[in-house]
Amino acid sequence: MIDGIYVAAMIVKLLFVLVLVLTFSPVLVWADRRQSAMIQDRLGPNRAGIPIAGKNFALVGLLHPLADALKFMWKEDFIPPKADKLLFALAPIISVIPTIAAFAVIPFGDTIYLDHLFEVLPANPDGRAVPFQVASLNVGILYIFAVAGTGVVGAAIAGYCSDNKYALLGGLRAAGQMVSYEVTLGLSLVGCFMLYNSLLLEDMIAWQVDRGLLGWGIFRQPVAFILFYAGSIAETKRIPFDLPEGESELAAGYFTEYSGMKFGMFMMGEYIAMVVSCALITALFFGGWDIPFVLRDGIHIFNYDLLLPHWAVTLLFIGSFIVKTTILLWLTLMIRWSLPRFRYDQVMKMCWRYMLPLSLINIFITGMVILFTNSP
Amino acid sequence: MAKLIPKPKMNAAEAVYVPEIAKGLRITIGRFLKNTFSARGSEGNEIDTVDYPEEKRVYPERFRGVHRLTHRSDGSPRCVACLCCSTACPAQCIHIEAAEYAPGDPRYGYERYPKVFVIDELRCIFCGYCVEACPCDAIRMDTGFHMPPSTQREHFIFDKEMLMAIPGADGSFETMNPRHEPGDPSHPGVDREHH
Numbered sequence: 000m001i002d003g004i005y006v007a008a009m010i011v012k013l014l015f016v017l018v019l020v021l022t023f024s025p026v027l028v029w030a031d032r033r034q035s036a037m038i039q040d041r042l043g044p045n046r047a048g049i050p051i052a053g054k055n056f057a058l059v060g061l062l063h064p065l066a067d068a069l070k071f072m073w074k075e076d077f078i079p080p081k082a083d084k085l086l087f088a089l090a091p092i093i094s095v096i097p098t099i100a101a102f103a104v105i106p107f108g109d110t111i112y113l114d115h116l117f118e119v120l121p122a123n124p125d126g127r128a129v130p131f132q133v134a135s136l137n138v139g140i141l142y143i144f145a146v147a148g149t150g151v152v153g154a155a156i157a158g159y160c161s162d163n164k165y166a167l168l169g170g171l172r173a174a175g176q177m178v179s180y181e182v183t184l185g186l187s188l189v190g191c192f193m194l195y196n197s198l199l200l201e202d203m204i205a206w207q208v209d210r211g212l213l214g215w216g217i218f219r220q221p222v223a224f225i226l227f228y229a230g231s232i233a234e235t236k237r238i239p240f241d242l243p244e245g246e247s248e249l250a251a252g253y254f255t256e257y258s259g260m261k262f263g264m265f266m267m268g269e270y271i272a273m274v275v276s277c278a279l280i281t282a283l284f285f286g287g288w289d290i291p292f293v294l295r296d297g298i299h300i301f302n303y304d305l306l307l308p309h310w311a312v313t314l315l316f317i318g319s320f321i322v323k324t325t326i327l328l329w330l331t332l333m334i335r336w337s338l339p340r341f342r343y344d345q346v347m348k349m350c351w352r353y354m355l356p357l358s359l360i361n362i363f364i365t366g367m368v369i370l371f372t373n374s375p
Numbered sequence: 000m001a002k003l004i005p006k007p008k009m010n011a012a013e014a015v016y017v018p019e020i021a022k023g024l025r026i027t028i029g030r031f032l033k034n035t036f037s038a039r040g041s042e043g044n045e046i047d048t049v050d051y052p053e054e055k056r057v058y059p060e061r062f063r064g065v066h067r068l069t070h071r072s073d074g075s076p077r078c079v080a081c082l083c084c085s086t087a088c089p090a091q092c093i094h095i096e097a098a099e100y101a102p103g104d105p106r107y108g109y110e111r112y113p114k115v116f117v118i119d120e121l122r123c124i125f126c127g128y129c130v131e132a133c134p135c136d137a138i139r140m141d142t143g144f145h146m147p148p149s150t151q152r153e154h155f156i157f158d159k160e161m162l163m164a165i166p167g168a169d170g171s172f173e174t175m176n177p178r179h180e181p182g183d184p185s186h187p188g189v190d191r192e193h194h
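Heads up: the protein sequence lines correspond to chains U and H, in order.
Take 0 as the starting number for the first sequence in numbering that gives the first Met the number 0 and just add one per residue.
Take 0 as the starting number for the second sequence in numbering that gives the first Met the number 0 and just add one per residue.
Okay, chain U solo, but in the shape it has when bound (with noise of 0.2 Å):
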C-alpha cells in the first residue's frame, strides 16, 4: 500500500540530501582556502562579487566557488588523442555517483511522526512515521563500504584511460591506497558492529542516544575512532594521504589529463566524500542527531524540564547533525593544513602494518570485554 504522503515525504528527504550535499561540497572548497589562508597569514579568496548599485557584494568570497563552476562549465573539453574516449568520460562519473549514493543511508534525524508534529511527542507516539533518512536497508552501513569502494575504480579508470604515465601512476597509487585503507576501514568498525549490536546506522545512534554522552562511540570505541577516521582521510585522497594526486611527483596524478567539468566532477566527488565519511562518523561516534539532555520531548538539564513540539525537537537534531558533521569536516580541513605528505612506502606500511593490526586487537578486546561484563 503506498500512501501519497509517504511518496511526499520521500521526495523531500530525496531533495534534502540532494540539496545539503550539494551545497556542501562548494561551501567546503571555500572553507578550504579561506581557512588555509587563515592559518597561513593570508587573506585568501575574497574578491569574486557580483557588483548591485555600485558596490561589490563579495560576501567574503563565497561566490569564487561559483565562479569556478561557471569556468569549468566553458574551459574546453580536452581529450588526449590516444585516450579511450567513453572510459575518459566515463571515470569521473563513476567517482562522483558513489559518494552521492552514499548518503542514502545516512540518517540526518530522528523518525518523524507525522501525526504528532505540532504537540509534544508522548512516550508511545504510534501513526504514521517517516524515518530521516532516505533508505534503511538491512545491510545498512555495509551498502556504504560497497557502493563508496566502487570510487576506487573512477580513480583506477581514469588513469589508466588517459595515456598519460602520470596519470597510470597516479591511478595505481589510487587503487593500492584505497583498496588498502577500505580493510582497515571495515575492520575498526567490526567493533563498533560489536558493540552496537546492528548494522543499521539508526538502530547504532538510537543505542548511543540511550547511553547519553557516555555513550558516544568516541567514548566506547576511541581506537575505532581514529582509526576510522584516518582510514576515511586516506579513502579520500586527502593530506597527508594525497599520493596519487601528489603535485610534486605527478603532477595531478590520476585526473592530470582532465580538464573543465570532468576536473570539476574529480574535485566534487573529493569534496562530497569528505561530506560523506564526516556523516558517517557523525553517526557512528559522535552519537549522530544527539544532543546532551535533549530528548525526544524536550530539554531535561537534571530537574529543570522544557517540552518541546515535535517539530522543533526534529528540527534541533537535524541542526546537531549538521553542525557535528560541520565541525568534523573543519577539523579535516585542519589536519589537512596542518601535516606533509607520506612517503608511498609508508603509507602502505602505515596501513598494512600498524593499522589493521590495530583494528584487529581493538576487535579482540572489544570481544573480550563484551563476553566478560555480558553486557554491551
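Keep in mind that the hints were calculated from the coordinates and are not lab data.
Don't take each hint at face value.
Below, a list of computed lysine-lysine pairs in the DSS-like style, where the Cα atoms sit at most 30 Å apart [to be verified]:
id, chain 1, residue 1, chain 2, residue 2
1, U, K70, U, K81
2, U, K70, U, K164
3, U, K84, U, K70
4, H, K55, U, K54
5, U, K348, H, K8
6, H, K22, U, K348
7, H, K6, U, K348
8, H, K114, H, K2
9, U, K81, U, K164
10, H, K33, H, K22
11, H, K6, H, K22
12, U, K348, H, K2
13, U, K81, U, K54
14, U, K74, U, K164
15, H, K114, H, K159
Here are the computed distance ranges between Cβ atoms for each label pair [what the hints assert, rightly or not]:
id, chain 1, residue 1, chain 2, residue 2, range
16, H, K33, U, L65, 27 to 33 Å
17, H, K33, U, D209, 37 to 43 Å
18, U, K74, H, R152, 23 to 29 Å
19, U, T149, H, L32, 49 to 55 Å
20, U, D344, H, R152, 48 to 54 Å
21, H, R25, U, V129, 39 to 45 Å
22, H, D50, U, I4, 30 to 36 Å
Stretch by stretch, here's where chain U covers chain H in the computed footprint (C-beta under 8 Å, at least three residues) [to be verified]:
id, region
23, 17-25
24, 41-49
25, 107-115
Note that the structure is a prediction, hence the values are computed from the model and not measured.
C-beta: ideal position from N, C-alpha, C; glycine also.
Following the hints, position chain H against chain U.
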C-alpha cells in the same frame, strides 16, 4: 667514504603519531582562531596583506617608474636626439629617429630633435641607465607609477606624444634643472655670433 648519519630514534609518543598530530594541530588551530576572530591590523592578527587596488603601498621617493620625456619651457621636448639613452639601454627598447630643425630656427645647426621616440615598456627592464646616460635631463623615470597592466601589446609601446604627456610625480612636465637655449644670454656655449 660515505658518512652514515644515524636516523634519529622516535620515542613512544612520536611513534604513535597521534600526539604529534595534536601538537601540530595546536599550532595551526591557534593561528586560525587568532586570525579569524580578530580584526585586520589589530593586536594578534598576523595578516599583512595589502588590498591592492583599494590600498596602495607608498613607493620610495626614488622609485623608477614609467619613463617620461621632459619639456622645455615652450613645450617642445628637451631631447636633442643624441642617442645616448638608446646606446646605453641594455634591453635595446628605445628607438629614436633624429631630425634637423628647419633652417631659420634658432636651434638649427646646434641641436637636433627626435622625430620618433618610442620606448617598448614591455622590453624595458627599468634599470635607469637611460636616465643616467641622458646629457640633457630629457628622459626621466620619476613619474612614480608603474606600467598599468593591459592585455594588448600595443598598449606598452609608448611613443613620443605619450611619453611627453606623462608628468613627473610632482605634476610638472619640466625639470628643476634650468635649460639655456641657444641665443639666450645665459647660454654658456658657442653660438653663431661668438664662435
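We went through each hint and held it up to the structure:
The hinted pair formed by U:K70 and U:K81 meets the criterion: a straight-line CA distance of about 26 Å does not exceed 30 Å. Annotation: proposed proximity of U:K70 to U:K164 holds, straight-line Cα distance about 27 Å (limit 30 Å). For a cut-off of 30 Å, the pair hint linking U:K84 to U:K70 stands: about 23 Å separates their Cα positions. Using a Cα cut-off of 30 Å, the hinted pair H:K55 and U:K54 holds, with the two alpha carbons roughly 20 Å apart.
Only pairs whose Cα atoms come within 30 Å are accepted, and U:K348 paired with H:K8 is accepted, the gap being roughly 18 Å. A threshold of 30 Å between alpha carbons decides the hint, and for H:K22 with U:K348 the separation of about 23 Å falls inside it, so the pair holds. With a C-alpha separation of about 18 Å, the suggested pairing of H:K6 with U:K348 holds against the 30 Å cut-off. Annotation: proposed proximity of H:K114 to H:K2 is violated, straight-line Cα distance about 70 Å (limit 30 Å).
A hinted pair counts as satisfied when its Cα atoms are at most 30 Å apart, and U:K81 with U:K164 qualifies at roughly 13 Å. At roughly 17 Å between alpha-carbon atoms, H:K33 and H:K22 fall within 30 Å of each other, so this suggested pair holds. With a C-alpha separation of about 22 Å, the suggested pair H:K6 and H:K22 falls inside the 30 Å cut-off, and the hint holds. For the suggested pair U:K348 and H:K2, the alpha carbons sit about 27 Å apart, so the restraint of at most 30 Å is met.
This hinted pair does not check out: U:K81 and U:K54 have alpha carbons roughly 49 Å apart, beyond 30 Å. Distance restraint check for U:K74 and U:K164: the Cα-Cα separation of roughly 24 Å lies within the 30 Å cut-off, and the hinted pair is therefore satisfied. With a C-alpha separation of about 8 Å, the suggested pair H:K114 and H:K159 falls inside the 30 Å cut-off, and the hint holds. A hinted range of 27 to 33 Å for the beta carbons of H:K33 and U:L65 is consistent with their spacing of about 29 Å.
For the hinted restraint 37 to 43 Å between H:K33 and U:D209, the CB-CB distance of approximately 40 Å keeps it satisfied. Evaluation of the 23 to 29 Å hint for U:K74 and H:R152 yields a pass: the beta carbon distance comes to about 25 Å. Between U:T149 and H:L32 the Cβ separation comes to about 39 Å, which falls outside the hinted range of 49 to 55 Å. Separated by about 50 Å at the C-beta atoms, U:D344 and H:R152 satisfy the suggested range of 48 to 54 Å.
About 43 Å separates the C-beta atoms of H:R25 and U:V129, a value consistent with the hinted range of 39 to 45 Å. At about 54 Å, the CB distance of H:D50 to U:I4 disagrees with the hint of 30 to 36 Å. Coverage of the region 17-25 of chain H by chain U holds. Counting CB-CB distances below 8 Å, 4 residues qualify, and the rule asks for three or more. Under a criterion of three residues with beta carbons nearer than 8 Å to beta carbons of chain U, the stated coverage of the region 41-49 of chain H is upheld, 4 such residues being counted.
As drawn, the region 107-115 of chain H meets chain U at 0 residues by the rule of a beta-carbon pair under 8 Å; below three, the given contact is violated.
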